[in-house]
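*Asks:* Sequence:
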Amino acid sequence: MGRWEPNARGRLEQAALELYVERGYEQTPVAEITKRAGLTERTFFRHFADKREVLFAGSSMLEELCAGAVAAAPATAAPMAAVAAALDAAAGVFEERGDLVGLRQSVIDANAELRERELIKLASLSGALAAALRERGVDELGAWLTAEAAIAVLKVGFRRWIDGGRERPLRPLLAECFDVLRTASAQGAVGAG
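Note that my numbering has the sequence shown beginning at -18, numbered continuously upward.
Because the hints were derived from the structure by calculation, they are not lab data.
Worth double-checking, as some hints may not be accurate.
Below, computed lysine-lysine pairings styled on DSSO-like, alpha-carbon distance capped at 30 Å [claimed, not checked]:
#1 K32 to K102
#2 K32 to K136
#3 K16 to K32
#4 K16 to K102
#5 K136 to K102
Just the calculated beta-carbon pair ranges, DEER-fashion [claimed, not checked]:
#6 E129 to R23: 25 to 31 Å
#7 R27 to A165: 45 to 51 Å
#8 R96 to P55: 34 to 40 Å
No residue lacks a Cβ here, since even glycine has one placed at the ideal position from N, Cα and C.
Start from the sequences and build out the full structure, keeping to the hints where you can.
*Replies:* In C-alpha cells form, the structure reads like this:
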C-alpha cells in the first residue's frame, strides 16, 4: 500500500456505509472498514474521530451551506423565508446523493446511538441557523423559534421523503411542510384567550 491514497476519505465513507448495511453498525469494527477501503486504521482516524462520525462527517458542511443561504437571502426576506432558502439548499445536496442518503438513514434508523447522534447534529444545525438569523438582525427569541421550526420542517419533510422511497423530490415536501406550518400559525393558538 502506498503512502498516499487518492480519495481516502470517500473510500472510507463508502466502505463503512457498505459494511454498516451488510453487517450492522455495531458489528462493524474500524479494522474491517479500513480493510475494505484498502487503507490503515491510522488513516481512518486521521479523517474521523470515531466510526459514528463517518455517517455525520458532512454535518459541518451542511451547517455552513445553510447559514450561507440564510445570509444570502434578500434583506427583505422574513426569517421563515430565509430558513426556507437554507433548507432548499440542503435539499439539493440530499437529492443529489439520494441513494447514499437513503442507505445512511437506514443505518441510523436501526441504531439508537446513531439516532441520538443525529439529534445532536440537528440541534447544532438549529444553532447555526439561529446565529445566521441573529446576524440578519432577528431578535434572540425569534431566531431560536424560527430555527427550531425549520428543524421540525426538515425532520418531517425528510422523513416523508425517505419513507416515500424518495419518489417525490424533497424540495416540494419541505415547501408543503412550511405551508402547513404557516396555515397552522395563521389559524391562531388553540385555547388562547
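*Asks:* Hints first: check each against the structure and report whether it holds.
*Replies:* Results of checking the hints against the structure:
1. K32 to K102: Given that 30 Å is the threshold and the Cα spacing comes to 15 Å, the pair holds.
2. K32 to K136: The hint holds at about 23 Å.
3. K16 to K32: holds, 14 Å
4. K16 to K102: Within the cut-off at roughly 28 Å; holds.
5. K136 to K102: Holds - the C-alpha atoms of K102 and K136 are around 12 Å apart, at most 30 Å.
6. E129 to R23: 25 to 31 Å: At roughly 40 Å between Cβ atoms, R23 and E129 fall outside 25 to 31 Å, so the hint is violated.
7. R27 to A165: 45 to 51 Å: Holds - the Cβ-Cβ distance for R27 and A165, about 47 Å, lies within 45 to 51 Å.
8. R96 to P55: 34 to 40 Å: holds, 36 Å
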